[in-house]
Each structure stands twice: as C-alpha cells, then as structure tokens.
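Asker: Here the structure of chain A is known, so what remains is to put chain X in place on it, guided by the hints.
As a plain string of letters, each chain reads:
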Amino acid sequence: MSSPQRSMRTPLGRVRAYGASGQGTGTFIGQRVSAAALVILGLWFLISVVLQMHGPGFVDSIDFLTSPLNAVGVILLVVAAFYHMRIGMKEVIEDYIQKHSTKTLLLLLNTLVLIALGVGAIFAVLIVNFGA
Amino acid sequence: MAGATRPQDKFRERPIAPHLQVWRWHITMATSILHRATGVALYGGAILFAAWLITIAAGAESYRYVGGLLASPVGQLGLYLLVAAFAFHLANGIRHFIFDTGAGLKPSDADSTAWFAILFAIAAPVGLWVLVTFGGLHR
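Each protein sequence line maps, in turn, to chains A and X. Here the first sequence stands for residues 1 to 132, where the numbers follow the numbering used here. Here the second sequence stands for residues 1001 to 1139, where the numbers follow the numbering used here.
Looking at chain X on its own, in the form it has when it is part of the complex:
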C-alpha cells in the first residue's frame, strides 16, 4: 500500500495475528473453544462437588443449603448442563488423545470427530436421564 511509506506510519500500531473476527466459523474452531469453555464450567462443577462433600461431612444442618440448591429447578438444570459439559470435555478429550498419536488430523476426519463430540454432548445427558428414570433406584 502506498500509505505505508509515509514517515508517520512507522508509529502506527502494527497488525496483529488474525483472530476470531476474521475467520469463517468452522466446526473444529467451535470444539476448540467449547473444550476450554466446558473445562472452565467443570472447574465450577468440581467446586460444587467439593462443597457437596464438605457440607455433608459438616452435618445435615450445613448441608441444607447445598442440598436445597441441588434439588431446586436451577440446581437440576445446572447439573444437567454440567453433565453435558462433562460429556463434551470427555468426548473431545478422547479426540485429543487420538490427535496425540498423530491420527485423525486430516481436516475431514477432524471435522467428523468434532461433530461426534458435539452430538455426544447433546445425547449423553438425555441418556443419563433415561438411566435415572428407568434404570436405578426409584423415587
């Protein structure tokens, strides 16, 4: 570009590497972002898990709030979403294990396994719900 030779341009901010806003969305980009997002969500889930254990040990009185939260509609929805987040992080983590061996990196393979991870994350909480409803001890 002609403007690039003007002296004052020396002090202009230099362009940085292209980031999210200039890329056409593709599915492997979504799985990469989702892997990190679900990881952060599961970090919160693990803190909730620790709170469950610690308040149980502290007695029925201190467990009341955590137990009430888990049983409430918000808590149940949260647990459902945490199961979905776990399912995605699990499926995509296994995908990364495969990548670590050097396999599955062809764009078409990476795309189809990416879709598999996403579909698994949608199907797994439903499957677990079926197990709750028809499989275990019953209320």
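This is chain A alone, in the form it adopts within the complex:
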C-alpha cells in the first residue's frame, strides 16, 4: 500500500491538497493595502513626532499621545504596521526555517506575540487618553 505503484489512489488524488493553499492572492493584496496605508501613516508619525516632541521624555510622550489626532493616527499605525509585519515575517520564516516543528512554533509566535503586543499598544493609547 505504501508503494506509489501499488496504491489505489490516482496520481492526481495523491498530489491534491499538497499544492498552493489558495490564499496567496489575499495575502498579496493585504500586504499592498497595508503598505499603502503605511506610506501615509509612517511618514505622518515620523514627521509629527519630530515636530511635536522635544525628546523621548515621559511628559512629552503623554502630551503627544493625548492629542486626539495623534492618538487615532498611532492606533491606525499599530494596526497597519503589525498586520504588514506579520505577513513579511511569515515569509521570512517560511523561507529560512526548514525544520517543521521550529517553523510551526515561530509562525505561531509571529501571530500570537504580534496580536498581544498590538492589542496592548492600542489599549495603552486608550489608557493614556481616558485613564486607567
């Protein structure tokens, strides 16, 4: 049964489900949509921080994040950046890590750590604005 010649399965049946997962186009579009958002959000964030903050101090940071425009911009930046990063790092892990268990673990961490940090970062902006 294990020999391919003796199997009752057809060659097509054997290779089915081993091919592309069918998610490539969605990932491709998602990567580009988030990239387009990040062109605007990334540039906006860098320039705003530079123009509005004296340095990386605590009070300066609070002042920056309590402006409603900055708070919304930072939350959008976190969402777009973390979504985009997850796609990019997934590709890097799949390219360079061959061992199945290590690859699975890293892909899992790539998803879970980014969700945890992303939700934490968004909640942090809300706490700064509305109190703990």
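Since the hints were derived computationally from the structure, they do not count as laboratory data. Just so you know, even glycine gets a beta-carbon here, dropped at the ideal spot from N, CA and C. Mixed in with the good hints, there may be bad ones.
Quick look at which bits of chain X chain A covers, simulated, 3 or more residues with Cβ under 8 Å [claimed, not checked]:
(1) 1015 to 1026
(2) 1039 to 1046
(3) 1067 to 1080
To be clear about the criterion: a stretch of chain A counts as covered by chain X if any three or more of its residues have a C-beta under 8 Å from a C-beta of chain X, and this derived list gives those stretches [to be verified]:
(4) 81 to 89
(5) 111 to 125
Answerer: Relative to chain A, chain X alone:
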C-alpha cells in the same frame, strides 16, 4: 563531464540552483536583500514602538527604562538607523508598487530606481535631523 557516467555518481548530491556566492553583485540584488533586512529591522522597531506605548501607559516609573534607552547614545543611534531602515523600506516599497503595475522593470530603470532608494535611505535621516534641529519645538 566524463565522470558523470560512473555508477557511484548517481548518489552524489545534485547541484542546487546557483545562489549568492556565484552571482556578480549588482544593485537590484542589494535592494532585494536590503528590503528584507530593513523589514526585519523595522519589526524590531515596531516592538520598541509598542514597548514605548505600553510603558507610557503603565506610568513614569515603568517608562524610565525605555525612556532612558531612547535618550541614550545607543538609543539615539538605533533610532537614526531605524529611520534609515524605514526610509529604505518606504522608497523600495514604492518601487515595488511601480513594478506591480508592470513598469520600471527594464534593467536600466530597475538599476536607477534601486540607486534612488539607497540614496534616499542615506538622505532621509539627515533631512529628518535637520527638521529636528531647525524645524520643530526646541530644547
């Protein structure tokens, strides 16, 4: 090759596709590698960004370490390099948007836009530094 017909050669490792070590370096190869490298660097930068937000929300006491790191010479150099990495990933990302439309793929065009992305990555942090020094609120 004559040796290829010897029976034991059947079990030799077969050659794999030519990789980095056999290619003459060219600029579009550098931008491709840099795009991935700066992407990974920015992944680290984004984690730092999240740490900034979370420790700010946790209060002045927990922010002390992150704030101290950001203000230290190592932190400032790190931020400078992150700005350069962002500038490269941005410029090269826009280059990829152009490639997606099917334009700019002629080798001479791809080469010149590659150089543009690299030069932009060098110039942008300097420009931002000028903005910090002469543009915004002042220390």
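Asker: Given as covered by chain X, does the stretch 81 to 89 of chain A meet the bar of three residues or more with CB within less than 8 Å?
Answerer: n = 5 at 8 Å, threshold three: holds.
Asker: Taking a Cβ-to-Cβ distance below 8 Å as contact, does the stretch 111 to 125 of chain A have at least three residues touching chain X?
Answerer: holds (count 7)
Asker: Holds or violated: the stretch 1015 to 1026 of chain X covered by chain A, criterion of 3 or more residues with Cβ-Cβ distance under 8 Å?
Answerer: That given contact is violated, which follows from only 0 residues of the stretch 1015 to 1026 of chain X lying within Cβ reach (below 8 Å) of chain A.
Asker: Okay, the stretch 1067 to 1080 of chain X and chain A, do three or more residues pass the C-beta test at under 8 Å?
Answerer: holds (count 4)
Asker: Can you confirm whether chain A covers the stretch 1039 to 1046 of chain X, using C-beta to C-beta distances below 8 Å and requiring at least three such residues?
Answerer: holds (count 5)
Violated hints amount to a single one, hint 1; each of the other numbered hints is respected by the structure.
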